[in-house]
Structures are given as C-alpha cells and as structure tokens.
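Work out the full structure: start from the sequences and follow the hints.
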Amino acid sequence: MKIAYRHLVQHIQESPSIECISNKLFQLGHEHEINGDILDMEFTPNRGDCLSINGLLRDLAVFYKVDLKQEIFTEKVNELQLDFENLSENICPKISFLKLEIDQVPETYKNSLDNYFLDLGLNKNNFFTDVSNYLSYETGQPTHCYDASAMTGKLLFHEIEKNEEFETLLDKKITLTGKNSVFSLNHHVINLAGVVGGKSTSCSTDTKTVIVECAFFQPEQIIGKSVKYDIQSESSHKFERGVDPESHEKVLRRFIKLVKEHTNIIDMSIASYEYKDNPIHQIPVNVHKINQIIGINITENEYLNYLSKLKFDIDKGIIKVPSFRSDVKTQNDLAEEVARVIGYDNIPTSEISIPKNEKTNHKDLENKLRFFLLDHGFYEVINSPFVSLPAEKAIKVDNPLDSNREYLRTNIQNSLVENLLFNERRQKDSIKLFEISDVYSSNNGINKKRKLSIIASGKVGINYEDFSKKINKKYLMKLFKEILPNEVFNFEIVSRDLLDTKIKNEIVALEVDINSFSFDTLSYKEISQLPKSFAQYVPISELPSSFKDISYSIKDYSKAQELQDLLLNYKSDILKNVYIFDYFKNEKQEEIKIGFRFTFQSKKATLNSAEIELVYTDIVAKSLNISGISIPGM
Amino acid sequence: MPEHNDFAPPELIKDKGSLHPINHMKDSIMDLLTSFGFEIIDGPEIETEEFNFDMLNIKKSHPARQMHDTFYVENKSNLLRTHTSPVQIRGMLEKKPPLAFISGGKVYRKDDDATHLPMFHQVEGIYVDENISFAQLKDLIYKIIYSLFGDDVELRFRPSYFPFTEPSAEVDILSKEGKWLEILGCGLVNPVVLENCNIDSNTYSGLAFGLGIERIAMLKHGVTDIREFYKSNLDFLCQFK
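Residue numbers (our numbering), protein chains in the order written: chain L, 1 to 634; chain W, 1001 to 1241.
Quick caveat, the hints were computed from the structure, so don't treat them as lab data. Heads up, some of the hints might be wrong.
[What the hints assert, rightly or not] The calculated lysine-lysine pairs, modelled on BS3-like cross-linking and capped at a C-alpha distance of 30 Å, are:
#1 L:K368 x W:K1106
#2 L:K473 x L:K428
#3 W:K1220 x L:K576
[To be verified] Residues of chain L clear of chain W, computed beta-carbon distances all greater than 12 Å:
#4 L68
#5 L122
#6 T205
#7 K504
#8 E611
[Said to hold, decoys possible] Stretch by stretch, here's where chain W covers chain L in the computed footprint (C-beta under 8 Å, at least three residues):
#9 34-46
#10 336-343
We put the beta carbon where it would ideally sit given N, CA and C, even for glycine.
Structure follows, in structure tokens:
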C-alpha cells in the first residue's frame, strides 16, 4: 500500500522527516520502501488495522504527538428508510447505508481529496467513488457507492450457492460459483460483497444521488474470493484482514463532510443495522507476565503508558482491547505490543543454555554412504518430486502447477536418467550421480520409503588410470562390495532405446531402500570431508565445449615435470580445464608418453576453430620449447 | 640420454564428487544446532491439515491454506508440508518438556518463478522449557547468525507475524552492499500451540526459529539464481567440493 509522507506528517506535531518516520515504522514491524515522498508499505496479515493513514498514525502515536486534522459532519442526520434485508447476519453482523443527494457534481477537488490523487498519481473515476476511495485510504474502511437511481426494489444481503453471471464495475464478466456472499436487487446480484460492485448499479460522472454502503464482513467469508475471480481489489484486501466494526458512524459522517467541502448537499439520511454486539476483548493487567515473556523489567506504569498510547483502555486492572485490534487476545499479544514499542533491537539478550543432547545423529550411517560415494567421484543431486506421468500407486496432486507436474515420483531413477542426459548433452563423458530422498506412494494409505538411487555412465574417471575404463555393472558391484560386503545389489542397465541420445555408453543404475541395508556391516572410513569454507560460485557457461588432445614423447625424463607444470597451469580465457589422460613409460625404448586433454569453452560466444587453434598453437609452441620433448606425428 | 633417467609418474588425481550445496548447507546448520544441544527429529513430507495448520494455530481462513498456496494430494485428504513445523508438533506430542528439537528437509509451496521454487528446504528449531524469554531467543539467534556469517555481521530484529509464534520476529543481516537481507523467522511459541500439544503454557514457554536453506546457500556461495541448484549440472556441482 502506497502512503504519501505528507499525508502522514501533517497530523504529527513534531514534523519528523521521512527517514525518522521510516525508522519508527521498521521498529513497529511495518516493512516498506521509500520512493521519493511515498512509503510503499507491506503489512503483515494480522495488521489490517494499519491499512490506512489513520491506522499508521495510531501506531506512530507511541512516538509522536498525533493530532488528526479530519473533520466530520456533526449535525443531526435523518434516518434512511431503505428496503433492505440481511439474510446472513453471521457473515455481516453490522452494516450502515448513507443516502446523499447533491445539486452539482464538482469539477475539481480540494484539500485532502485533491492531494490524494495528486500525490499518489491516481486516476480519478467519478466523484462519489473518488470520495469512497480516498476515505478507504484515510480511515481503512472500504465503502461502496451505488447510483441511487438504479437502486429501485428490495436490496438483499445473503449467501448464495448457484452459478450466476455477474458484470463487475470494472467491465469484467465473471461467473459466480460455489458459495458467495452477495447483495442482490430484484433477484440479480449487484455486488460481490467485500470484493467488487456490479456495473448495473455503479456510479457514473453524472451521479447526483448515491447510496453508500459501509459494512463489516467476517474476514473468512471474503478470503480467497479476489484470487478466485482474478479481481484486484483494495477492498477485499482490507476486509480479508479485518476492518474496525465500530467505525461506521464516523466514516459516513466523514464522507458527508468531504462531499460538503466540494458541493451542496440537498438531502442526506443514514440507516444502521447492528445484528450482533461486537464484544470488547478484555485481558487482566499482568506486568510480571509481560516482563517474563520479553525478558525485561519494566514497571506497571511504563507498561500501561505504552498501551494507552496505542489506544488500549485500562480500567480497574483490566485492559480493554480497541475494536480495531482484532489481533490482540492474549498476554503474549500484549507482550509483542510492548516489545515493538521498546524496539526489538533495544531488548537486551539473556544468556541461553540448552541442556546438551547426548543422542547420536541417527543419520550417521546414511552420511557414511554419502561420503563413500563422494570418495568414488559421485555427485549428489536433488530433484523435484513432481512428474507428469502416473506410475502405479503414484500420488496425484490435486492442484498441480501444470500438467507436467501432476504426480509425485515413485522412483528417483527416472530423475537421474534426465540428469545424466542433461550432462551428456554438455559433453560430459564421465557421469556419476546419486540422490537420497523420501519417495511416496499410495497403497491403503501413504507409504514412505527412504531410497538411495545412483546412476553412472561413461569413463570411470578422468585420470590416466581410469580414462580408458568404461563404467559397467562389474565396476559398481566391486565398489559396493567394499562398503557393504554382505549385501546383494541388483544393478540395472538402463536401455537407451527410448532415450533421446546418440551416445552408446552403458548406463548403470541402482535404486534401493536404505532402511533395508544391514548397516552393521558398514565400516567404511571416509576420505572426503565437508568443505571447511563455502566456495564462491563462478557462473558457468551454457555454450558448447570442445577438446583437443596432445600426446608427448619425452626422452629426457628430467623435462617431464617441467612439461606438466607448464601445461597443467596454462591460463587462457577459453581453456576450461586440462588433465593427463594417458601415461606410459616404455622402459625398453627409454621413453615416456604423456597425453594431455585440453577442454575449451567460452562464457561469451560459441568458439570457432580459429579461436581454439590460436590457443592450441601457443600451447604446442611453448611445450616444444622444452628440449627433449616431441609430439609424435608433428 | 641423461644418465639418471628415473621419473615419478604424474600424480594420479582421483576425481572426488561433492555433496549437493543445499544438503551441505543444511547439514552444516544442523551440526551447528546440535552442538548447541538440539536433537534432530524427522517427519513426513506428506502431512495432514491438522499437523501442518490446525495444531500450529493457522486458522481455516488463513490464506496459506488456500489451493493457490498449498499443494493438496489424494482428494485433499493430505498435503505436501508447507514448512517443517509439523515435525516439531509430532515431537512435542511424543515427549515432555524440557525439549529441544530441530528438523530439516524439503517443504513445498505453490510458487514457481525466478526467486521461488515449489520445493525448497528449511531447518526449524524449537526449545520448550520453563521461563523461556524473548531475550533468550535473541541470544540464540545472535549465536546462530554469528556462527554462519561471522562475528562482525550487523543484524536487526523486526516485528513480524506467524500464527504459531507470539511475539514474532524476522531477522535481517546487512550485506556488504549495504542492503538488509532477511535471513530467518523466529518467535516465542504461541501458548495456543503448546496447549495443542498438551503442554501447560502456564508452566512452560518456548522459542522457535526457522531458516530457509536456499537463501543462506545463495548468500554464502554467491549464487544469484535459485534454479541453478536443481539443474544437476556437473559444471555447477563440481564447484562445491
């Protein structure tokens, strides 16, 4: 909600700067941004009472002398004879109507009404709707304006449960479905209560006689309606969070005053209907409890002074909660009020000591398994559980984000296959992934299994020992025998027939229920450790990479280290990595052969062969400068 | 030919994998909290409305319960937990105070944009004992934040609103760029929640807090797009060894 600084400060005697007000608002828990002279407020859902100038001023009154300069019409107003019936008093326990007739529609606005449109850069609508909108901004109470000339017949407030077409005053046609609280005139819906009025009875720039509706609706009856019908509604935002049920008289008299400031009123009358008393919530004064909750030591006088400034009445040891604070019900609520006024940052800390828990981390064994996989080059991944295709016993999401995410996965393997293909498309030739996750299915209730799933394909590793070895079942079985010798693992070969790929490497996968392992046999001593610091991420390139291999023949062994130092530390913007993929020492011929693989990738654009050739030529030239080294075939 | 032609083979570099950075962050925070005395407890990701909402004082009319915010499953009989708080409810129903639990894991909300994902991770903690105060909660939060971001980090507490805590607060830290960044939510356990778990709120009080793991991981690692965590791109994952 946007609030202009000058609309606030004109009521504050100390005239604080916008920065001072901003600091106080943060202390009170009202998040906002400052854009020029506008405070763009974001209130927590329990503070519907702050959604107005007056609401914010009520809170700021704990810091400043607030003097509201808003006059109301104080003279007697006739009683309105209205053909109205409320069939849902529990939903709308209190409602008032004001009928006003003016002799001329004003062409320009004055004072606060004019400032409202000017300072907030808002578009005007028609006079009565403009007054209504301003009043909602000033007081927090939404009102709805009907053109009185269209209001012939019996007006009914009721809850309906039938499909009915309804055209809003925003020219949007909606079909009401399910239960809705509405106002009807002659059996036709003219207003979706608390959300939006109808076009048939809305005011226009010619309207001279208006019926203003001022109501209290139970918030739970309004919640969700604007989202359901996709209507942006300031009114529903306020009604959903609760408005002050005791404000009607004052709001309608303020309406009259604002109209009177702009034109002559020919006739006016008010009808008020109150079906249920609004109980005043009462809480005993207990400063000891407040001190205990917050961990401070204030006197009862200080405590009650804070509450008085927030408009709480105190009478004979009882705190009476004001009607606009429907969020305050308990001692803890009052403690929060006091803590806000003191300032959370001003409350001193008190040493906390939690008794030490001697229990072992019940996931130690699972963690051992994770580190075992890490030690063997596996990367942990996390996948979304939402999938498009239903599997047997898959749980269906009632309200999925889209049709591709309608079910919960019953296995992890399919996600890992997708991950594998994703990385193969990025020229990765050694892929080892694992995921540990709960997996759910439906079978006479919800079944949960904690599963480990692994997938691997391509080279065993990218070093000179493993480069030419391909991942297969045997490799993985040998690996797992090391950690769990007594378990039998059924590794699976995932067929590539239905996969969108031309790569032929075997895909080996395993998915097991972790709880079925006999962890007694798990005695692995992990090598990997949690990193001591948090690595700074370097943005990755999504552009294609390519590689070049160079094989060297070294006759003078003493030069081998120099060659490695040169090539493994070679720097270029387009050189992504370099590693030794081949090493062979031919004792007979007294020769070492070392193969280096250079991977090229740019972060800016797809590399062309000339760009790669330039770096490649430099690498070759620098390496051949080392005596006793040659590149066979070159 | 050189006279001494002995040469040690090149270092054999066995490529090690890495933990997922989100799990690493979650584990680091859980380790920190267990060192403070918290016990780790687990709970299901598919929950009932009773445990996810009712027991936590989240009223039927609360916007979070709408179909546009929460994933419901099996004809609305269950839901995907929207936070890890229901695990604490289960813990409080099982054990008598004093108790100190933490739970961490996946949670789900019906969001999907550049800064929100339908699945993300939380770690939440609760400590219930006699005479727990907001001042003690602040002490604990300072310890957590200083451990995570260093003793020199500037932080502030802001009043906020959660139905299950009262008073409630959000905690921000000041970034190097001078911006306040929200790090966690916390508060004193609403007495209604204690009573729902058969804990006498006249004798006991509690503190609770919750951290979004992705947000902290993004800050610590300098990742700017949350979606990077879940692409399973080896070029991304290999940076977190």
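Going through the hints against the structure:
| no. | hint | verdict |
| --- | --- | --- |
| 1 | L:K368 x W:K1106 | holds (21 Å) |
| 2 | L:K473 x L:K428 | holds (20 Å) |
| 3 | W:K1220 x L:K576 | holds (24 Å) |
| 4 | L68 | holds (24 Å) |
| 5 | L122 | holds (26 Å) |
| 6 | T205 | holds (36 Å) |
| 7 | K504 | holds (20 Å) |
| 8 | E611 | holds (20 Å) |
| 9 | 34-46 | holds (count 3) |
| 10 | 336-343 | holds (count 3) |
In summary, the structure agrees with every hint in the numbered list given earlier.
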